[in-house]
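Chemist: If you're matching them up, the sequences are chains A and B in order.
If you're matching positions, the first sequence starts at 573 in the numbering used here and goes up one per residue.
If you're matching positions, the second sequence starts at 573 in the numbering used here and goes up one per residue.
Just so you know, these hints were derived from the structure itself, not from any lab.
Where is the CB? At the ideal position from N, CA and C, for every residue including glycine.
Errors might be hidden in some of the hints.
[Claimed, not checked] Computed cross-link-like contacts, SDA-like style, restricted to lysine to any residue with a CA-CA straight-line distance of at most 20 Å:
(1) B:595 / A:683
(2) B:748 / A:709
(3) A:599 / B:684
(4) B:736 / A:707
(5) B:736 / A:705
(6) B:748 / A:707
(7) B:736 / A:701
(8) B:599 / A:602
(9) A:736 / B:708
(10) A:613 / A:601
(11) A:599 / B:622
(12) B:595 / A:598
(13) B:599 / A:625
(14) A:595 / B:624
(15) B:599 / A:624
[Unchecked claim] A short list of chain B residues far from chain A (calculated; beta carbon distances all over 10 Å):
(16) 574
(17) 625
(18) 638
(19) 648
(20) 649
(21) 702
(22) 748
(23) 752
[What the hints assert, rightly or not] Rough simulated footprint, nothing fancy, chain A against chain B, three-plus residues with beta-carbon under 8 Å:
(24) 672-686
(25) 731-745
Protein chains: 2
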Amino acid sequence: MNKRAKVTKAQIIEAALAVASEKGAGKVTLDEVAKVSGFSKGGLLYHYPSKEALITAMVQQLVDDNAASRQQLMAQGDDALSAMIKSHVHLSEQVQCNTAMAILAAAAEQPGLLNPVQQACRHLLCDINAESGDNPEAMVLMLACDALWLQDMLSISPLDAEQKDQLLQYMLRRAKELMP
Amino acid sequence: MNKRAKVTKAQIIEAALAVASEKGAGKVTLDEVAKVSGFSKGGLLYHYPSKEALITAMVQQLVDDNAASRQQLMAQGDDALSAMIKSHVHLSEQVQCNTAMAILAAAAEQPGLLNPVQQACRHLLCDINAESGDNPEAMVLMLACDALWLQDMLSISPLDAEQKDQLLQYMLRRAKELMP
DNA sequence: AATAATAAACCGTCTGGTTGGTACAGTAAA
DNA sequence: TTTACTGTACCAACCAGACGGTTTATTATT
Chain A
573 MNKRAKVTKA QIIEAALAVA SEKGAGKVTL DEVAKVSGFS KGGLLYHYPS KEALITAMVQ
633 QLVDDNAASR QQLMAQGDDA LSAMIKSHVH LSEQVQCNTA MAILAAAAEQ PGLLNPVQQA
693 CRHLLCDINA ESGDNPEAMV LMLACDALWL QDMLSISPLD AEQKDQLLQY MLRRAKELMP
Chain B
573 MNKRAKVTKA QIIEAALAVA SEKGAGKVTL DEVAKVSGFS KGGLLYHYPS KEALITAMVQ
633 QLVDDNAASR QQLMAQGDDA LSAMIKSHVH LSEQVQCNTA MAILAAAAEQ PGLLNPVQQA
693 CRHLLCDINA ESGDNPEAMV LMLACDALWL QDMLSISPLD AEQKDQLLQY MLRRAKELMP
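Using the sequences and the hints given, assemble the complete structure.
Modeler: Structure (structure tokens):
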């Protein structure tokens with residue numbers, strides 16, 4: 573694959589993410605993505621042979637980005653759990669919205685398109701369990717962190733920004749104590 | 573409203589839930605629900621004037637059921653947090669799958685159809701905060717409980733049944749200690 | 001008889017996907 | 001250097017089917 577194709581594919585994914593976060597997960601259609609990206613529908617399907625392939629690529633990129641962000645924090649000395657919590661704090665609202673809607677779109681399209689996400693979750697859990705010695709509180713903290721953005725994804729979070737902030741700080745303190 | 577109408581409306585909701593959990597959130601269409609329920613599409617739209625109305629009713633019923641289940645536990649002396657955790661434990665897999673897919677369908681259809689769910693979450697949070705004296709660990713436990721079924725909803729849970737069971741037991745123990 | 005409930009055929013729009021084709025860069029033969 | 005050829009990238013037009021919703025007609029219930 574040459575450079576031009578790579579750029580185009582990236583632009584298509586970008587457009588798909590934009591559609592998802594601006595118009596909602598249910599509006600991610602080939603027509604709409606084509607319109608927003610500026611390419612034709614035929615062009616889209618040249619690079620991604622089906623809608624499923626497009627959504628899969630979209631999800632995969634988000635998973636990769638997330639993993640990279642956590643690994644960077646861990647390279648700076650953080651434990652896996654703290655890195656997860658911190659990475660949640662630092663993500664821009666736009667990125668979180670993108671992620672949320674993309675995942676929602678994938679889930680609605682077909683259960684199974686989220687397998688890469690599940691795999692990523694599993695890896696994260698293993699790391700955290702290994703570091704904490706299977707401490708259940710560490711697992712609870714990890715789940716709580718997940719809940720924060722899963723709730724945001726569905727716009728059902730009962731917490732306002734300030735409450736969320738305070739809670740994340742508490743979680744980070746507990747994480748530091750648990751992971752020596 | 574007539575008794576006959578009530579029964580029909582309930583059957584339609586039931587069929588919609590069945591479609592959602594068996595075929596996936598994205599496949600909840602009027603035609604499909606009509607086929608499964610045994611009524612015609614015209615019949616559906618007589619009782620629920622739009623797809624949106626149908627999905628709204630579906631979500632509302634789940635919210636009501638859940639609230640009822642928790643209130644029953646609380647009437648037996650449980651605190652709000654323990655009731656939430658216990659209610660998660662006791663729900664059948666079928667009900668959880670129904671709930672998950674219905675909510676997913678609603679979210680994909682239109683953000684905002686989940687407002688009743690958000691409101692329910694808010695109430696629950698208020699109750700738990702009031703009972704625990706704003707203890708952050710109680711909030712974390714609540715979030716973890718949410719995460720358990722949000723993850724199931726997307727089939728991205730990294731925990732197997734046994735791990736989940738043990739974790740819920742731990743959470744229940746902590747809840748009992750926090751809520752005297 | 002009056003009204004509530006259901007069915008069936010239909011409509012316009014949007015869906016994912018296919019088609020045949022164009023523009024163009026590279027390249028190998030003349 | 002021209003020519004012929006090849007593969008990549010893209011597009012406009014189109015298709016069959018599914019979609020949400022309407023209309024009209026028919027049957028039950030009261």
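Chemist: Taken at face value, is the distance from the CA of residue 684 (chain B) to the CA of residue 599 (chain A) at most 20 Å?
Modeler: Judged against 20 Å, a Cα distance of about 15 Å means the pair holds.
Chemist: Does the structure keep residue 595 (chain A) and residue 624 (chain B) at a Cα separation of 20 Å or less?
Modeler: holds, 17 Å
Chemist: Does residue 602 (chain A) sit within 20 Å of residue 599 (chain B), going by the straight-line distance between their CA atoms?
Modeler: holds, 18 Å
Chemist: Need the status of pair residue 599 (chain A), residue 622 (chain B): alpha-carbon distance at most 20 Å?
Modeler: holds, 18 Å
Chemist: Could you grab the alpha-carbon distance between residue 613 (chain A) and residue 601 (chain A) and see if it respects the 20 Å cut-off?
Modeler: Within the cut-off at roughly 10 Å; holds.
Chemist: Find the nearest Cβ of chain A to the Cβ of residue 649 (chain B) and say whether that gap is larger than 10 Å.
Modeler: The claim holds: residue 649 (chain B) sits with its nearest Cβ about 24 Å from chain A, beyond 10 Å.
Chemist: If I take the minimum Cβ distance from residue 648 (chain B) to any residue of chain A, is it greater than 10 Å?
Modeler: The claim holds: residue 648 (chain B) sits with its nearest Cβ about 25 Å from chain A, beyond 10 Å.
Chemist: Checking one constraint from the list: CA of residue 736 (chain B) to CA of residue 705 (chain A), max 20 Å. Satisfied?
Modeler: This hinted pair holds, its Cα atoms lying about 17 Å apart.
Chemist: Taking the shortest Cβ-to-Cβ distance between residue 638 (chain B) and chain A, state whether it exceeds 10 Å.
Modeler: holds, 13 Å
Chemist: Checking C-beta pairs, does the stretch 672-686 of chain B have three or more residues closer than 8 Å to chain A?
Modeler: holds (count 10)
Chemist: Taking 20 Å as the top limit, are the C-alpha atoms of residue 599 (chain B) and residue 624 (chain A) close enough?
Modeler: Holds. Residue 599 (chain B) to residue 624 (chain A) sits at ~15 Å (cutoff 20 Å).
Chemist: Is it the case that residue 702 (chain B) keeps its Cβ farther than 10 Å from each residue Cβ in chain A?
Modeler: holds, 13 Å
Violated hints for the displayed structure: none, as all numbered hints are satisfied.
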